[in-house]
Structure formats: structure tokens, C-alpha cells
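Trainee: Following the hints, complete the assembly by docking chain G onto the known chain S.
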Amino acid sequence: MRTDVTKITETSPYAELTEGLKIYAGGTSKKFHTGEWRTSRPIMNWEKCKQCLLCAPVCPDSSIPVADGKRGNFEMDYCKGCGICASVCPFGAIEMKEGQ
Amino acid sequence: MSIKERMSGNEAVSYAIKQINPDVMPAFPITPSTEIPQMVSGYVANGEIDTEFIAVESEHSAMSAAVGASAAGARTLTATSSCGLALMWEVLHIAASNRLPIALALVNRTLSGPININCDHSDSMGARDSGWIQIYAENNQEAYDNFIQAYRIAENKEVLLPVMICQDGFITSHAVENIELLEDEKVKAFVGEYEPEDFLLNPGKPMAVGPYAVTGYGMEAKKNQEIAMENSRSVILDVAREFAALTGRKYGYFEEYHLEDAEYAMLIIGSAAGTAKDAVDELRKTGKKVGILKLRVFRPFPGKEIAQALKNVKAVAVMDRSESYRGGGGPLGVEVGSALFMERVHIEAVNYIYGLAGRDFTVENAIEVFSEMEAMVTEGREVPQYQYVGLRK
Numbered sequence: 004m005r006t007d008v009t010k011i012t013e014t015s016p017y018a019e020l021t022e023g024l025k026i027y028a029g030g031t032s033k034k035f036h037t038g039e040w041r042t043s044r045p046i047m048n049w050e051k052c053k054q055c056l057l058c059a060p061v062c063p064d065s066s067i068p069v070a071d072g073k074r075g076n077f078e079m080d081y082c083k084g085c086g087i088c089a090s091v092c093p094f095g096a097i098e099m100k101e102g103q
Numbered sequence: 219m220s221i222k223e224r225m226s227g228n229e230a231v232s233y234a235i236k237q238i239n240p241d242v243m244p245a246f247p248i249t250p251s252t253e254i255p256q257m258v259s260g261y262v263a264n265g266e267i268d269t270e271f272i273a274v275e276s277e278h279s280a281m282s283a284a285v286g287a288s289a290a291g292a293r294t295l296t297a298t299s300s301c302g303l304a305l306m307w308e309v310l311h312i313a314a315s316n317r318l319p320i321a322l323a324l325v326n327r328t329l330s331g332p333i334n335i336n337c338d339h340s341d342s343m344g345a346r347d348s349g350w351i352q353i354y355a356e357n358n359q360e361a362y363d364n365f366i367q368a369y370r371i372a373e374n375k376e377v378l379l380p381v382m383i384c385q386d387g388f389i390t391s392h393a394v395e396n397i398e399l400l401e402d403e404k405v406k407a408f409v410g411e412y413e414p415e416d417f418l419l420n421p422g423k424p425m426a427v428g429p430y431a432v433t434g435y436g437m438e439a440k441k442n443q444e445i446a447m448e449n450s451r452s453v454i455l456d457v458a459r460e461f462a463a464l465t466g467r468k469y470g471y472f473e474e475y476h477l478e479d480a481e482y483a484m485l486i487i488g489s490a491a492g493t494a495k496d497a498v499d500e501l502r503k504t505g506k507k508v509g510i511l512k513l514r515v516f517r518p519f520p521g522k523e524i525a526q527a528l529k530n531v532k533a534v535a536v537m538d539r540s541e542s543y544r545g546g547g548g549p550l551g552v553e554v555g556s557a558l559f560m561e562r563v564h565i566e567a568v569n570y571i572y573g574l575a576g577r578d579f580t581v582e583n584a585i586e587v588f589s590e591m592e593a594m595v596t597e598g599r600e601v602p603q604y605q606y607v608g609l610r611k
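Just so you know, the protein sequences line up as chains S and G, in that order. The first sequence runs 4 to 103 under the working numbering. The second sequence runs 219 to 611 under the working numbering.
The following block holds chain S by itself, in its conformation from the complex (with noise of 0.2 Å):
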């Protein structure tokens, strides 16, 4: 039953629910915000950051963006806070602090 996620809430009948609670639209890991469950944050020191650019493809939710070559801050929806980007960061610029 091919069915407008967009109307199924949590206060939905069972009957309008689809089989398998398949979702029947993309893109839809957008509205689910991982940066929820953080417990520590990435802190970016910019003055070390040479845009080498080796945090973003190791990001596991694509929370560093990149544009024209050059990695933006963090989007904070999504980071969990896994310091994977700290801990391959050469030169020391991102740095773990403990708290959302």
C-alpha cells in the first residue's frame, strides 16, 4: 500500500500504517536527527584547520560539508559526536568536548 509517509504520525490507526512499515518516499533519513543522541561535540579550531579535507568521506552522517574544496562547519542535527573526525584530523584541529 504505496501511502503518503508524510501523513503517518504516531497517532496513526493501524489500519493506515503501511505492511512492514515500509516508507514510500527518499530521502527521508533527513528528518531524523541523529545529533540527538550526542554526548560530546566537535569544536573546530580554524586557525589549524589546511582544508586537507581528510574529516569529511570518514564523517559516518555526512556532517561536514563540503563546498568549493572547502569543508563548512559542522551540521550539529547530525553529528552524534563520534570523534572519528578528531581522531584523523593531522593537525589537531577539531577537538572532542564533553556535552551536547
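Hints listed in this document are in silico derivations from the structure and should not be mistaken for laboratory results. Nothing here was measured: the structure is a model prediction, and the numbers come from that model. Some hints here could point you the wrong way.
As the list claims (entries may be wrong) - Pairs of lysine to aspartate or glutamate, EDC-like flavour, derived with a Cα cap of 20 Å:
no., chain 1, residue 1, chain 2, residue 2
1, G, 440, S, 13
2, G, 529, G, 582
3, G, 441, S, 80
4, G, 507, G, 438
5, G, 375, S, 19
6, G, 506, G, 590
7, S, 10, G, 438
8, G, 441, S, 13
9, G, 375, S, 7
10, G, 440, S, 80
11, G, 507, G, 541
12, G, 532, G, 578
13, S, 33, S, 101
14, G, 222, G, 403
Stated by the list, open to error - So these bits of chain S aren't anywhere near chain G, every CB distance computed over 12 Å:
no., residue
15, 5
16, 9
17, 25
18, 54
19, 73
20, 74
21, 96
22, 98
23, 103
Claimed, not checked - Between beta-carbon pairs, the in silico distance windows are:
no., chain 1, residue 1, chain 2, residue 2, range
24, S, 65, G, 431, 19 to 29 Å
25, G, 429, S, 93, 52 to 62 Å
26, S, 11, G, 610, 35 to 45 Å
27, G, 545, S, 10, 43 to 53 Å
28, S, 33, G, 440, 25 to 35 Å
Glycine included, C-beta positions come from ideal geometry on N, C-alpha and C.
Mentor: Only chain G this time, still in chain S's reference frame:
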């Protein structure tokens, strides 16, 4: 005209698979079902079918690949037995809850331990609450016929559930018997093309399968899955009627053998029903009113229909080919007892455990069970409500 042949149960199911020509078959060999992937891969190698056969590294992987293939939009199947089914355990539930119409050719074999390769129903009975439809066969003909009906049930839009087509290991899977086969074109016309409305490999219509469900959704999803199982009841009968029109072979939730006027009944699943029928034939010659209820569909469980079919008997022997270790009987014993109670059918019921790990179940065993039930009713003999048949004492 149907084709007269002689085949083992494994050959019969493999032949049905060849005639259906499904899209994907991931499988891992395990006795006694090994011949099924072996024969199907032979058909593939000979260019007789274009099924994508995936030689996986375990049964967990076989069912996982089946889930992926089915979600992608492919008509999918696998085959296994015993510990192979047990290793699929986690993914069986994924297949059912994701509402994927996968077919599984199960060749029943006991679960370890003790390690043993012979027949009992502990594998499929262990998976009885996994959300799969379960259909059992008495012989190779029924295994073939059930497999041809499988996808019509599973792929019905009101159902969309996986289906397990079960046959008894070695007794059915390896014994060669006469069989009537359908012509290829008749099978293809009956089974039809698989045209899912939605599937992953459909670039114009993106979808996600198996998403995380928070508490606000999980219970409703499970209710919908239960409704699908309920819906399968009428679909199973509709498909069986259509199959009967094609072949003359009639199927329902169960077969009644001399049950109409029976005073003593035996409820049994699988190949041992054939043995029990022989016992009934012998006892009927001596004037005993005995009959068999051979259960074909165990999931969904036709409890009301069973209770109604048994309401006029004085006693029923509920035969379990698996042990529940619940300290009081097997799964059929519980479910039939519950069905009788819920339908207010007040008859004597004794739960017998037989045939574990391939132990023979003979005509004499069946006759003893019938005479014990008669003695219980007519002479008031004390009969344990739960006991083993053919156990050395």
C-alpha cells in the same frame, strides 16, 4: 493430461522450482534438504532456468540474502533443514515482519542434540511463532502440490507473508514414489508472474524496507502482521480450490480420513499420517470407528475448524513429532487442547509424542494408540494425558 513420474520428495520440490523458475535462490546445504539446492543449481548450470543461485556461507546468510532479494523485487526462495532453520532464526522474523513473500522448502529434521539427521518436526515447530505460514505434506505429491501453491498464497496483496513448505526428512524427501506432475505451461499459468507493487530496485519510486520503529509504531506493525496471517486463511482455501480445478487434487487446512462417523480420532502431521491411515483401514475392517485428521496448515492455525471436525468424537489422540520441554507435551497438544476449550468442544484428548529423531512410527503403534483411547472411554482406563509412543521402557 498430467505427467506420471516417480520421484523423491526432494526431486518433486526441485522440479516444482524448475517449473516456477523463480528469480533468486540463496541456499546453504544441509542434510536432508541438500539435494534441493543441488538439483536447482544443476537446472541453472544446464540453462533450464535463469534463477540466480547464490552459494552463501551459512543459513543466516541464505535467509538474509533472501530478504534482500525479495525486498529488491525478486521472487525468492531457499531450502533448509534442522539446524539450518535454527541458524536462520533471527532473519525468519525479519522476512515475516518486512512482509516479504519468500518461499522456503523445509525438509523436516530434528534439531540437535543429540545430533541426528533424521525426521521430526522440532525445526519447524521451533519456528512456529516466527510469522511464517506453514504447510505440511504427507508425501512427495503433496510436497510438489504445496510448493506450486506457495507463491500464490505468499504474494497475495492481502497476505504478503513468507511461506514454509514442509516435508518429512528422508521419509518423504528421499523415498521415491509415484507422482503426477503438471505440464510446465500449466504451472507457469497457475503461479503467474511476480509483479510487486513496490520494490527497492525501482528507481522512480524510492522506498525503505525494515526501518526502525519507535514504540509509537511497533505494536501497530505487529497487529498488521497478525491481520495478514488472518487474511491468509481464505487465500489458502481459494488457491487450493483453484488448484483442485486444475488437477483434481483437493486440499484444505486438513484432510479428514474416515472422520465423519469416527468415535476415536488421531490428529497428526506429515508422513506418519499415511501409516495412521493404514491403521484406520485395518481397524475399520474389524468394525472400529476410527479416523484421522491430518493437519496440512499449521500456521495460520485452523483451531475452530479442527474443533468442529472433532466435536463428535469421544477421544482424540493429538500426535506431536516434537517435544516442547514445557513439562507437559508438544506444541500440537497445547494448540489443539486450547482450540477444543475455546470452541467448547468437551472431548477426551491425549497428547502423544512419537517419531522423535527418526524413531519409526508403525501401524502397530497407531493401533495401540487407538485401542488405548477406546479403553480410556469404554473401560475407564487411566491414561496419562501426555506420553511417548515407541519409547523403550
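Trainee: Are the hints correct? Go through all of them and say.
Mentor: Do the hints match the structure? See the list:
no. : hint                     : result
1   : G:440 / S:13             : holds (15 Å)
2   : G:529 / G:582            : violated (26 Å)
3   : G:441 / S:80             : violated (33 Å)
4   : G:507 / G:438            : violated (48 Å)
5   : G:375 / S:19             : holds (16 Å)
6   : G:506 / G:590            : holds (13 Å)
7   : S:10 / G:438             : holds (16 Å)
8   : G:441 / S:13             : holds (15 Å)
9   : G:375 / S:7              : holds (19 Å)
10  : G:440 / S:80             : violated (31 Å)
11  : G:507 / G:541            : violated (29 Å)
12  : G:532 / G:578            : violated (27 Å)
13  : S:33 / S:101             : violated (25 Å)
14  : G:222 / G:403            : holds (16 Å)
15  : 5                        : violated (6 Å)
16  : 9                        : holds (14 Å)
17  : 25                       : violated (6 Å)
18  : 54                       : holds (34 Å)
19  : 73                       : holds (30 Å)
20  : 74                       : holds (28 Å)
21  : 96                       : holds (34 Å)
22  : 98                       : holds (31 Å)
23  : 103                      : holds (21 Å)
24  : S:65 / G:431: 19 to 29 Å : holds (24 Å)
25  : G:429 / S:93: 52 to 62 Å : violated (37 Å)
26  : S:11 / G:610: 35 to 45 Å : violated (60 Å)
27  : G:545 / S:10: 43 to 53 Å : holds (50 Å)
28  : S:33 / G:440: 25 to 35 Å : holds (27 Å)
When held up to the earlier numbered hints, the structure conflicts with 2, 3, 4, 10, 11, 12, 13, 15, 17, 25, 26 and fits the remainder.
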